[in-house]
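Asker: So the chains spell out like this:
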Amino acid sequence: MFATAVVALLITMALTLARALMGPTLFDRLLAVNSFGTKTVLLIAVYGFMTGRPDFLDIALVYALINFVGTIAVLKFFEYDDLGSGAYQEDDF
Amino acid sequence: MIDWIVWSVSWVLMLIGCVFVVSGAVGLIRMPDLYTRLHAASLTDTGGAIVISLVLIIQSVFVFGSAMAAIKVLLILFFTLFTSPTASHALAKTALLCGQVPTDGHGNPILESPEQATLLARSRPADYRSGQDGERARQEAAERRRHDDNAGDQS
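Line order of the protein sequences matches chains A and B. Just so you know, we're using this note's numbering here: the first sequence kicks off at 1 and counts up by one. Just so you know, we're using this note's numbering here: the second sequence kicks off at 1 and counts up by one.
Source of the hints: derived by calculation from the structure; they are not laboratory data. Predicted model, so just to flag it, every value in this text is computed and none were measured. Where is the CB? At the ideal position from N, CA and C, for every residue including glycine. Take the hints with a grain of salt, since some may be wrong.
[Said to hold, decoys possible] Simulated coverage check for chain B against chain A, where a stretch passes if three residues somewhere in it have a Cβ under 8 angstroms from a Cβ of chain A: (1) 16-24; (2) 28-40; (3) 53-63; (4) 97-104.
Isolated chain A, as found in the complex (with noise of 0.2 angstroms):
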């Protein structure tokens, strides 16, 4: 069961990273990435079960926030040019 699991994320996992690869702008690739960053938790947990050593389970929650974390810097930047300072609010809005 854990085996068929991890063989249809690789398949995603596949499919995913070709978006990532081909993706005409960078949003798709973003969407792409980050989808492929859930689908790697998702794995690593699987993969532990199927292993039957559950303790990866720590490894998959710290990919979950880091993934999160990741996208969400990575976004700001493309959307304000700037990680840090707070300029923008007061001349965008």
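Since chain A is already given, all that's left is putting chain B on it; use the hints.
Answerer: Relative to chain A, chain B alone:
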């Protein structure tokens, strides 16, 4: 008996999860533009994560007998349910802000220009309590644009 139930429920849920996940990837490949791809990918992301996490929780409780593993899977599910829709929303809004114009069913753009998409994304949240308000804001933006064009002609 209980063993048989646990394994058959796990199998069924895992197959459902696999179908979700793979169909999401197929949608990501085959959909025509960014926003439809976003729709396909984000929905199946969340759905597949929920179903597969359910299988893992069932397995960790009944087969591995480890409550800690179940709690960790629950935490992963919790974070995924928070972060995945948030990331999709941020992605869609940034795409609109950067001037990606959504298209309708026939591939025609529904806004006149990338600037209008940026304007739509930058409007205040109070204007967007519902879809009708969004439609109204779009018409107002078109009106303003026409007005600006006329002003430009006169000067």
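Asker: Confirm or reject each hint.
Answerer: Do the hints match the structure? See the list:
Counting residues of the stretch 16-24 of chain B whose CB falls under 8 angstroms from any CB of chain A gives 5; the rule of at least 3 is met. Check result for the stretch 28-40 of chain B against chain A: holds, 5 residues qualifying (beta carbon to beta carbon below 8 angstroms, three or more required). For the stretch 53-63 of chain B, the proposed coverage by chain A is satisfied: 5 residues have a C-beta within less than 8 angstroms of a C-beta in that chain, meeting the threshold of three. Judged by the Cβ-Cβ criterion of 8 angstroms, the stretch 97-104 of chain B is covered by chain A as claimed, because 3 of its residues qualify and three suffice.
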